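With the hints as constraints, model all of the structure from the sequences given.
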Amino acid sequence: MKLENLEARFQEKIDQDIKIEPKDWMPEKYRKTHIRQISQHAHSEIVGMLPEGNWISRAPSLRRKVALLAKVQDEAGHGLYLYSACETLGITRDELTDQLRTGKAKYSSIFNYPTLTWADIGAIGWLVDGAAIINQVPLQNTSYGPYARAMVRVCKEESFHQRQGFEIMTTLARGTEAQKEMAQDALNRWWWPSLMMFGPADKDSTHTAQSMKWKLKRKTNDELRQQFVDQTVPQAELIGLTIPDTDLVWNVVNNEYDFGEINWEEFWQVVKGHGPCNKERIAARVKAHTEGAWVREGAMAYAEKKKSSSRKIAS
Amino acid sequence: MESKNQWPLWEVFIRSKNGLEHRHCGSLHAADASMALDNARDVYTRRMEGISIWVVESIHITASQPAESEELFDPAKDKVYRHPTFYHLPEGIKHM
Ligand SMILES: [Fe+2]
Ligand SMILES: [Fe+2]
Chain A
1 MKLENLEARF QEKIDQDIKI EPKDWMPEKY RKTHIRQISQ HAHSEIVGML
51 PEGNWISRAP SLRRKVALLA KVQDEAGHGL YLYSACETLG ITRDELTDQL
101 RTGKAKYSSI FNYPTLTWAD IGAIGWLVDG AAIINQVPLQ NTSYGPYARA
151 MVRVCKEESF HQRQGFEIMT TLARGTEAQK EMAQDALNRW WWPSLMMFGP
201 ADKDSTHTAQ SMKWKLKRKT NDELRQQFVD QTVPQAELIG LTIPDTDLVW
251 NVVNNEYDFG EINWEEFWQV VKGHGPCNKE RIAARVKAHT EGAWVREGAM
301 AYAEKKKSSS RKIAS
Chain B
316 MESKNQWPLW EVFIRSKNGL EHRHCGSLHA ADASMALDNA RDVYTRRMEG
366 ISIWVVESIH ITASQPAESE ELFDPAKDKV YRHPTFYHLP EGIKHM
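Chain order of the listed sequences is A and B. Position 231, counted from 1, in the first sequence is what the working numbering calls 231; the numbers after and before it change by one each time, with no gaps. Position 78, counted from 1, in the second sequence is what the working numbering calls 393; the numbers after and before it change by one each time, with no gaps.
Note that these hints are calculated values from the structure, not bench results. You may find that some hints are simply not true.
Computed list of lysine to aspartate or glutamate pairs in EDC-like fashion (alpha-carbon distance at most 16 Å, straight line) [unchecked claim]:
1. Lys332(B) - Glu364(B)
2. Lys305(A) - Asp347(B)
3. Lys32(A) - Glu95(A)
4. Lys23(A) - Glu385(B)
5. Lys23(A) - Glu383(B)
6. Lys156(A) - Glu364(B)
7. Lys307(A) - Glu372(B)
Which residues of chain B face chain A? A few of them, derived with a C-beta cut under 8 Å, are [what the hints assert, rightly or not]:
8. Gln321
9. Gly341
10. Ser342
11. Leu343
12. His344
13. Met350
14. Arg361
15. Gln380
Derived coverage of chain A by chain B (criterion: at least 3 residues anywhere in the stretch with Cβ under 8 Å from a Cβ of chain B; other residues may be distant) [stated by the list, open to error]:
16. 66-77
17. 92-100
All values reported here derive from a predicted model rather than from experimental measurement. Cβ coordinates follow ideal geometry from the N, Cα and C atoms, glycine included.
See below:
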């Protein structure tokens, strides 16, 4: 069959909501784009454990500690589901994690901001996981089967993440003056980076049209960002916190909030590696990988030895 | 730069409760079978999703190829007589 025909048939399948599975024919561009997006997503889950892991040992109560521990463990799980899904496209785990450690692959910029106080853990769960949910829910219906299935699992687990964060924020906001200030300060620092999680404005976004065709995207960056603002502002009001945006105002005509301009200069700086923690995050991954080498090799050597000794017994 | 002997890939199957079959739920890397079981417990059953786990090294799975789909599955297409709806029954028949 001619390439154009193959491609036309391929797109027809997607239009009819027939999933693409690993062994099916797919355009090279589809494969590459999916490897890039799924691995970026996996890396984000893995790097995302670092800012939160920072507070596990300092959680203010046992209840908070078990919750945070379980959340961070979930993020590890999400990373693993996604790496597995990505490997079905014909790339190895080592290649993938190598791309992260060498800086060739990107991950969500939000994780390049530091977690300075306990309230940041609340803000992350509420805002960062909240934004992630909005990004991820439509991906449960994306065209690539293994990715869609991984997202179903991820989405099921995310809602507790957001709730545990919001509970932290609520508690602080209703606490002492100092606690409330801490919550407000966390919101001030995390609000804008959270809005940036939806990516560049539609007018500057290069991949949108193709991603829509493949159902890698169902709504544009700006639409998703709007959805996030509209659902989050009333939540902040409910617990008496103020969104740090003086241009924020309810638009009665459009039935949505108008909000201020994002600092895109900062966004691109962080994407390019000049955020507050980019170096620290990669260094942590490199360290874990290097210092874990003897474990990986030891376990493999032990497995080989057991295999060869059982072969001897058998013969 | 990377060690060539990365841990092999395993496919994970989980029985969610008695009476149901084991279902494929994903894959993971592990050095050997017992590590694969332990990892599968942590990665795929953190919320009581299972009561039994199978792991099998992925290289032991033989899969049909989409290119062979026609010859494999088309022969069943024209065998409508394998379905109960193919058969004509007299009006008013019961228990059939
Ligand atoms: Fe996650
Ligand atoms: Fe999460």
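Evaluated hints:
| no. | hint | result |
| --- | --- | --- |
| 1 | Lys332(B) - Glu364(B) | 8 Å, holds |
| 2 | Lys305(A) - Asp347(B) | 11 Å, holds |
| 3 | Lys32(A) - Glu95(A) | 14 Å, holds |
| 4 | Lys23(A) - Glu385(B) | 15 Å, holds |
| 5 | Lys23(A) - Glu383(B) | 11 Å, holds |
| 6 | Lys156(A) - Glu364(B) | 12 Å, holds |
| 7 | Lys307(A) - Glu372(B) | 14 Å, holds |
| 8 | Gln321 | 5 Å, holds |
| 9 | Gly341 | 5 Å, holds |
| 10 | Ser342 | 5 Å, holds |
| 11 | Leu343 | 6 Å, holds |
| 12 | His344 | 6 Å, holds |
| 13 | Met350 | 7 Å, holds |
| 14 | Arg361 | 7 Å, holds |
| 15 | Gln380 | 6 Å, holds |
| 16 | 66-77 | holds (count 4) |
| 17 | 92-100 | holds (count 5) |
Checked against the numbered hints listed earlier, the structure breaks none of them; every hint is satisfied.
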